[in-house]
Amino acid sequence: MILYIIGISILIVILCSSLYVIYSNIHRTRVSKSKEYNVLFDKDTIVDDLITQLTEKNQTQENEDKARKSKEDILTTFIELHRSGSFCAQLSEQEIIYFVKKKLNMESNKNG
Numbered sequence: 257m258i259l260y261i262i263g264i265s266i267l268i269v270i271l272c273s274s275l276y277v278i279y280s281n282i283h284r285t286r287v288s289k290s291k292e293y294n295v296l297f298d299k300d301t302i303v304d305d306l307i308t309q310l311t312e313k314n315q316t317q318e319n320e321d322k323a324r325k326s327k328e329d330i331l332t333t334f335i336e337l338h339r340s341g342s343f344c345a346q347l348s349e350q351e352i353i354y355f356v357k358k359k360l361n362m363e364s365n366k367n368g
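Our numbering numbers the first residue of the sequence shown as 257 and each following residue consecutively.
Treat the hints loosely; a few may be bogus.
As the list claims (entries may be wrong) - Derived DMTMM-like pairs (lysine to aspartate or glutamate); straight-line CA-CA distance at most 25 Å:
{"hint": "1", "residue 1": "K359", "residue 2": "E320"}
{"hint": "2", "residue 1": "K359", "residue 2": "D321"}
{"hint": "3", "residue 1": "K357", "residue 2": "E320"}
{"hint": "4", "residue 1": "K359", "residue 2": "E349"}
{"hint": "5", "residue 1": "K358", "residue 2": "E312"}
{"hint": "6", "residue 1": "K359", "residue 2": "D329"}
{"hint": "7", "residue 1": "K358", "residue 2": "E318"}
{"hint": "8", "residue 1": "K357", "residue 2": "E336"}
{"hint": "9", "residue 1": "K357", "residue 2": "E328"}
{"hint": "10", "residue 1": "K313", "residue 2": "E328"}
{"hint": "11", "residue 1": "K313", "residue 2": "E336"}
{"hint": "12", "residue 1": "K325", "residue 2": "D305"}
{"hint": "13", "residue 1": "K359", "residue 2": "E328"}
{"hint": "14", "residue 1": "K357", "residue 2": "D329"}
{"hint": "15", "residue 1": "K357", "residue 2": "D321"}
{"hint": "16", "residue 1": "K357", "residue 2": "E318"}
{"hint": "17", "residue 1": "K327", "residue 2": "D305"}
Please keep in mind that the hints were generated in silico from the structure rather than gathered at the bench.
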């Protein structure tokens, strides 16, 4: 008889603990859902405008970097042609650099 009472009490404890776990999980999902942000994606917001402006800025920055890189490549090509003697041998290398940078509208404070 005592074994039946112990068995039933163990089953009741297991049942109560499982109900507590289920209740705590349900309560936890309610809490986490209340922390979610309600953001409407249908309307244009200031965040959308900022994101578009930042992506456009990145694209123009990439284009500027590509243009600067191509200008540097052109300058390097002219310097190599001058060093080989096949381009304006009567001018100095500094004069070639100045002329090419001026024509390409590059910054005059950069070195070769």
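Structure-based check of all given hints:
1. Restraint check for K359 and E320: satisfied, since their Cα atoms lie roughly 17 Å apart, inside the 25 Å limit.
2. For the given pair, K359 sits about 18 Å from D321 by alpha-carbon distance, which is consistent with the 25 Å threshold.
3. The straight-line distance between the Cα atoms of K357 and E320 is roughly 16 Å, inside the 25 Å bound, and the hint therefore holds.
4. Pair hint K359 plus E349 holds up; C-alpha atoms about 15 Å apart against a cutoff of 25 Å.
5. Annotation: proposed proximity of K358 to E312 is violated, straight-line Cα distance about 28 Å (limit 25 Å).
6. With a C-alpha separation of about 14 Å, the suggested pairing of K359 with D329 holds against the 25 Å cut-off.
7. Pair hint K358 plus E318 holds up; C-alpha atoms about 23 Å apart against a cutoff of 25 Å.
8. The straight-line distance between the Cα atoms of K357 and E336 is roughly 15 Å, inside the 25 Å bound, and the hint therefore holds.
9. A hinted pair counts as satisfied when its Cα atoms are at most 25 Å apart, and K357 with E328 qualifies at roughly 9 Å.
10. A hinted pair counts as satisfied when its Cα atoms are at most 25 Å apart, and K313 with E328 qualifies at roughly 22 Å.
11. Between the alpha carbons of K313 and E336 the distance comes to roughly 34 Å, so the proposed pair goes past 25 Å and is violated.
12. The suggested pairing of K325 with D305 is violated, with an alpha-carbon distance near 30 Å, which exceeds 25 Å.
13. Straight-line distance between C-alpha atoms of K359 and E328 comes to about 12 Å, which keeps the hinted pair within the 25 Å bound.
14. For the suggested pair K357 and D329, the alpha carbons sit about 12 Å apart, so the restraint of at most 25 Å is met.
15. For the given pair, K357 sits about 16 Å from D321 by alpha-carbon distance, which is consistent with the 25 Å threshold.
16. A hinted pair counts as satisfied when its Cα atoms are at most 25 Å apart, and K357 with E318 qualifies at roughly 21 Å.
17. Simply put, K327 and D305 have alpha-carbon atoms about 33 Å apart, too far for the 25 Å limit, and the pair is violated.
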